[in-house]
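One letter stands for each residue in the lines below.
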Amino acid sequence: MYAFQYHRPASLGEAATLLGKLGDGKALAGGQTLVAAMKLRLAQPSDLVDLGGIAELAGIQADGDALVIGALTRHADVAASADVRKRIPALAHLAGGIGDRQVRAAGTLGGSIANNDPAADYPAGVLGLGASVVTSQRSLGADEFFKGLYETALKPGELIKSVSFPVPKRAGYAKFANPASRFALIGVFVSQAASGAVRVAVTGAGNGVFRSAELEKALTASFTPDAAGAVKVPAGSCNGDLHASAEYRAHLVSVMAKRAVAAALG
Amino acid sequence: MNVKLSLKVNGKAVEADVDPRTLLVQFLRDHLHLTGTHVGCDTGQCGACTIHLNGRAVKSCNLLAVQAQGAEVTTIEGLAAPNGDMHPMQAAFKECHGLQCGFCTPGMVMSATALLKDNPKPTEEQIRAGLDGNFCRCTGYHNIVKAVQTCAGGR
Ligand SMILES: Cc1cc2nc3c(=O)[nH]c(=O)nc-3n(C[C@H](O)[C@H](O)[C@H](O)COP(=O)(O)OP(=O)(O)OC[C@H]3O[C@@H](n4cnc5c(N)ncnc54)[C@H](O)[C@@H]3O)c2cc1C
Ligand code: FES
Ligand code: FES
Numbered sequence: 071m072y073a074f075q076y077h078r079p080a081s082l083g084e085a086a087t088l089l090g091k092l093g094d095g096k097a098l099a100g101g102q103t104l105v106a107a108m109k110l111r112l113a114q115p116s117d118l119v120d121l122g123g124i125a126e127l128a129g130i131q132a133d134g135d136a137l138v139i140g141a142l143t144r145h146a147d148v149a150a151s152a153d154v155r156k157r158i159p160a161l162a163h164l165a166g167g168i169g170d171r172q173v174r175a176a177g178t179l180g181g182s183i184a185n186n187d188p189a190a191d192y193p194a195g196v197l198g199l200g201a202s203v204v205t206s207q208r209s210l211g212a213d214e215f216f217k218g219l220y221e222t223a224l225k226p227g228e229l230i231k232s233v234s235f236p237v238p239k240r241a242g243y244a245k246f247a248n249p250a251s252r253f254a255l256i257g258v259f260v261s262q263a264a265s266g267a268v269r270v271a272v273t274g275a276g277n278g279v280f281r282s283a284e285l286e287k288a289l290t291a292s293f294t295p296d297a298a299g300a301v302k303v304p305a306g307s308c309n310g311d312l313h314a315s316a317e318y319r320a321h322l323v324s325v326m327a328k329r330a331v332a333a334a335l336g
Numbered sequence: 002m003n004v005k006l007s008l009k010v011n012g013k014a015v016e017a018d019v020d021p022r023t024l025l026v027q028f029l030r031d032h033l034h035l036t037g038t039h040v041g042c043d044t045g046q047c048g049a050c051t052i053h054l055n056g057r058a059v060k061s062c063n064l065l066a067v068q069a070q071g072a073e074v075t076t077i078e079g080l081a082a083p084n085g086d087m088h089p090m091q092a093a094f095k096e097c098h099g100l101q102c103g104f105c106t107p108g109m110v111m112s113a114t115a116l117l118k119d120n121p122k123p124t125e126e127q128i129r130a131g132l133d134g135n136f137c138r139c140t141g142y143h144n145i146v147k148a149v150q151t152c153a154g155g156r
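Protein chains in written order, with the working numbering: chain B, 71 to 336; chain L, 2 to 156.
Hints were generated in silico from the structure; no laboratory data involved.
Hints should not be assumed to be uniformly reliable.
Unchecked claim - Computed list of lysine-lysine pairs in BS3-like fashion (alpha-carbon distance at most 27 Å, straight line): (1) K156/B <-> K122/L; (2) K5/L <-> K91/B; (3) K96/B <-> K156/B; (4) K302/B <-> K217/B; (5) K91/B <-> K109/B; (6) K91/B <-> K239/B; (7) K13/L <-> K118/L; (8) K9/L <-> K109/B; (9) K109/B <-> K96/B; (10) K239/B <-> K302/B; (11) K96/B <-> K5/L; (12) K147/L <-> K122/L; (13) K109/B <-> K225/B; (14) K95/L <-> K118/L; (15) K5/L <-> K109/B; (16) K156/B <-> K118/L.
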């Protein structure tokens, strides 16, 4: 690992100020991705700004028709939260299926969506629920936050504070996990808002999480597993690699969508 | 620039001055000489380096030592009673032959104790799923699962 300067600010404001003036600084949350990348010398930050000492960043709060989850909240805490399990059980299920016990005890919501791995779970939940990402500067809708392969709308020095998830009428998440890493070979998050509006987000398929217009149309007409299963996703919308061909991934999208709808309907 | 670190390890206060690059597992093994915590893969996959950080199982090869600032750390050395009596999970691994070469065992035991803390009466399936962050190349897992069941059963 290359050498770096270490900082441990006590507030989000202080962290953002530090990152604003440090040349090549990076925020450190759970470290589950960043520390690994630094060990391999794939990342070489000049400075690390550890968010671990900022108490205001962790926790889960009900805010009217939304649940607001702090950026530093660990996957294990979201999975175990009585509030999340009651109001958005699909999100608790998603968090409880990330990696393994040890990864869930360290990894955070903010780190996961800032990293925007194309096979990560949380981006599907954030996009599938139409959540808002609250940063040190502004509030971003999920549709404008994710920008493709490991890219987000975050500007240099901008930090995620929390994510506000609107409580849906029903939602479900189904993932076909890579058996070794548990990352999504395909993961599909479906939700139906109180207004009836349907959102479907797919992760693991391409260069980053995306919404499926075909599935949203089919499920708006009929919110049933069969309607989801009948949608044939074009292989061209999926990537092929050593884990799965594009055709296989495309097939899995329909199957996972079907299972996600079944889970949403309980 | 080094960082002043203060934390509790196996109940004892520890103060140190560390290069911020130091991994938590390096700190435990090389600085504190607690070599019961093993390094298998060094890439966050195998779980051999599992310890408890504020009561939760984490992989110490995938964290910086400075991330344990002010924390309570328990390693495999801290599980047994002060008089040397094994922790019930250690005793169950011994009784059930839950280890062969023993390389994965410290991490496995740390994960298993965390598992029972969250879910004191797990099903076999929950035990297998709950230990999926730990690899064992010898036992085929069968006797490890038995050991956790035995410990949960209070025998
Ligand atoms: C063995 C293993 C298995 C895994 N399996 C899965 C899986 O199945 N599904 C899945 O989705 N993920 C998986 N992960 C990834 C895991 O969920 C990580 O927790 C996540 O990718 C990063 O979160 P972190 O808190 O550790 O972030 P860090 O590693 O600390 O940071 C990651 C990036 O986010 C930035 N960042 C962190 N916090 C903020 C913030 N508040 N504002 C702005 N930028 C920020 C950092 O600067 C860095 O660039 C796995 C990881 C491992 C090691
Ligand atoms: S040595 Fe830490 S997970 Fe393998
Ligand atoms: S006993 Fe040898 S690796 Fe598990």
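So which of the earlier hints does this model not fit? 3 and 6
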